[in-house]
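Engineer: Given the structure of chain Z, go ahead and fit chain F onto it with the hints provided.
Heads up: the protein sequence lines correspond to chains Z and F, in order.
For the first sequence, numbering that gives the first Met the number 0 begins at 0 and goes up steadily by one.
For the second sequence, numbering that gives the first Met the number 0 begins at 0 and goes up steadily by one.
If you are wondering where the hints come from, they were derived from the structure by calculation, not from laboratory data.
Source: prediction; values computed, not measured.
Careful: at least some of the hints might be erroneous.
Calculated lysine to aspartate or glutamate pairs in the EDC-like style (CA-CA distance at most 20 angstroms, straight line) [as the list claims (entries may be wrong)]:
| no. | chain 1 | residue 1 | chain 2 | residue 2 |
| --- | --- | --- | --- | --- |
| 1 | F | Lys481 | Z | Asp348 |
| 2 | Z | Lys460 | F | Asp352 |
| 3 | Z | Lys425 | Z | Glu358 |
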Amino acid sequence: MSTVELKETIPTTIAPQPVDQYAISAEKEVSWTSRQKFIFRVAFVYLLLLTVPLTGRFYQGIYKIDWSNFYWSNLSSIASGFGSPDFITLTKDEAWGLFSYINLLVTLCVALLVALIWTSIVRFRKTERKEYQTLYYWIRVIARYRLAFGVIAWGYKKLIPIQMELPTVGFLNTAFGDFREQKLYWQSVGITQHYEIFLGFAEVLAGLLLLFRKTTALGAALTFVLLINIAIANHAYDGGVHVHSFTYALLGFIILWKDLPNIWNLLIKEKDVVPVQFYPVLSGWQKSGRFILKTGGIAVFVVFLFYLHWIDDRGYRFGVNPGLENSIGHYNVTEFRLNNKVIPYSPVDSVRWQYAALERWSTLTYKVNRKQWMDLDNNKGERNDLDMRFELSGIGDGRHFFYYEEDKNKQLITLQNKNPKHRDQKQTLHYERPSDSRLILSGLNEFNDSIYVVLDKSNRKYPLYESRQQASIY
Amino acid sequence: MTVLEREQPVSSVKNSFQKIEDGQTATEWKGYEKFLFRVAFIFYTQLCLPIHNMVEWVTRITEIKIFNINYRDLYDIAGYRPDYLKIATDSGKWGLASYVTWGLALVIALVGATVWTFIVKLRHTERKEYKTLYYWLRVIVRYRIAVGIIAFGYVKLFPTQMPYPSEAVLNTLLGDMQEQKIYWYSVGVTIWYQVFLGLVEILGGALLFFRRTSALGAALIAVVLFNIAFANHSYDGGVHVYAAYFVLLSLFVLLHDFPKIWNLLVREKDVTPVIYEPVYDKKWQRYLKYGVKYAIVLVYLPFFFYIRAMGYWVENDPIQKEPTEPGLTAAQGLYNVTEFRVNNKTIPYSPLDSIRWQTATFEKWSTLTYKVNRRVKIDSGNGGPAKKDFDKNFELSGIAGGQRFFYYTADTTAQTLSLQDKNKTFGEGANASKADRAKAKKTKPKTYTWHYERPTSDRIILSGVDDRKDSIYVILDRVSKKYPLNEGRSEASIF
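So here's chain Z without its partners, still in its complex pose (with noise of 0.2 angstroms):
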């Protein structure tokens, strides 16, 4: 007996399988439009061509650098530099307005000369690709490390603050009015180097957000606001950096904007969202490379950038070389005596000093009715002490700054005034200290002439420094 079995055809539903998140699908392709693919060849070229560094003088820096005394500022300044090539030259008087925006501008120009000739070609060969996916990834990934390692370059410098200094003797006794703006921006920043600080921190986690996928949007957003900031405050106090700021603020813009969309539905439009995110799938030697490539960035501009800020003990305002041992002060000019005539005190003398001070390092300064050329220029990396010029820069109190040299033996100091277009004025004097206080200084001064200056120290106290809680007679 020969059993005849019915088999029963079910029709089955199709039911919803559960998906394999991820799931490769490189059949289904997603289509941008021509428009969106036009923008991205030009967005593409823009970032190519603000993030890969193409000035003369970026790597004339590099080639500059002296191996053997390697310092953070090198590493600093490859870090941060980064921006639209100098197709137009600024005068001194242009780099100040809007016009300073000028090469953004002619890059993006360029950048849609280039899309449009790219498309030209690819259409005329009939090889224009759907979407742009992939390299839509990668120049994301080359944006977001350098705008990254630059923001976290700046941040380093407030965060182990050295950007911001302390007041110097000089500068506690300055009026107030006599600070140029963007000095004066500076001194507020620096007398609390909490504030200093705290600044710092915020730039290093908008550059470390930057570096993961994930926190990429968080990052950007926190290093728009952040930089905008500045470029908006570089221009109030003119302070020179704005266009920097503001590219290192497009940047995080750009970078931004492909989550915008999402976050715009989500909170405003309080839509459904699904997120798709396209990433290359790496084989083999390519993830090796890959993760190389990553630590590799990170350890040498993150971690040793780091490092050697941590071991810097100079930073980069004010010179090294010490002054006279345990003369740091402002010192009120007791006696005065030109060819050896005693001049009282009068705040009207073109020659006789009426306060002087002497700080950490080797630098006399003393106030006086005369004349001179303010120093405008901010550091440029010079690291001798006579060109340490931040303590005179933007300073217009009538104070001049003398760099000095000590012979111990002779008992003598050889001075030289800092300011570049009054160098030709140097000094000899011989000094005495009759008390820990007292400084008697005697020779011939810039002009020839024999002085005999008597020097006290002030024990003045600072209200700067005298906190608000117990305040305070002065």
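Structural biologist: Structure of chain F alone, referenced to chain Z:
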């Protein structure tokens, strides 16, 4: 390279809006969530609603002259916050102990929530969730932040919160100013940065008025005010608690949306936002809601703008930080003290002399200052705005360096100046405490009358009896001074 893509059933994008009818419960909250909500409810209502100072708030409102409303009215009624306890130590003024009110509010909230939980459990009337109440709590917090921060924004947008430094301040040494003062003035020297900060504050507040943009507004305010609170701690600015208050409130608003943002951006997941909004059955309920909402929005945004614009550009606002009565005609500037005689004896120039003036300044308004090497208690207040010029202390608060500040009225026919020392804590000895100031408020200020001559446009000769009962004769010669602060950056100049 194969491209990975996350597979998702692409559902039609829709609004997952759920309108709750009162009583209908979609989901149930867990026990600890309900308890935490009760704590938050009691805590934040204490912080946001003027319960503790209800009497003062209502009094302040009644003081508003409705047809003569000025910006200070809107600013004040938006600024009430609880102040249960002030601890009279340094930490209580500047440090951790200054936050004691928050601590107390939290304790009250915890106790209250415990009692609340106990009662509802006992009576078996515990709700399944508090979605509606949560919604209203968020509305209260959002609007409190918004009106408060917009008020601050407007005094920066029309920049009066941080005035430009006066002549006396321009001639005060950096080391003779308290930190807080340097911070304040460093913002005050540039109009545009202050305006920018004002715009950001107003934007943040405006975004909080509307539900859809409130997460963005809360995030912006949290970041900006965290910065301000930190700066206040660094510089002893004095308003650290109020700045941190906005951060505390904004974080609460952000709490609601934070999981969504985190899931979307960081965890890269799908997000379906579920929004709750009470349903208004009756027309009058809808009218009331929109009426109140738009009344607040219109008053605090466009109307506030109008009042500030009028006060700043058209009529001088009576309540300001800096005095407004004009000083001697064309006398503003810095003066050297060419000659100084006391009881007919000439004292030569000396920066160390305790009587001889070093320099003097006349302001645009009727304040005269001179610098002398004699100790004085400095005014350590913030120098907020006041109605009368004599009470406007901003120009002297936090300023040392031997500067003396005198309010004067000039009689141009008799050529006399009647001066009063603006430093109400004047005297030597101990600290300028609140008691000192209270006592000073009660004592009537002494008036000195001096004769003045103006032989040339740059010379002023003063003579009279000073506060030490000596007769003085002072020749002041104006210095034609250029301030580097005012000079632009691009031109090289000689100073």
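Engineer: Give a verdict on every hint.
Structural biologist: Hints and how they fare:
1. F/Lys481 to Z/Asp348: With Cα atoms ~18 angstroms apart, lysine 481 of chain F and aspartate 348 of chain Z stay inside 20 angstroms; holds.
2. Z/Lys460 to F/Asp352: Status holds; Cα separation ~17 angstroms.
3. Z/Lys425 to Z/Glu358: At roughly 19 angstroms apart (the allowed maximum being 20 angstroms), glutamate 358 of chain Z and lysine 425 of chain Z satisfy the hint.
Hint compliance for this structure: no hint is broken.
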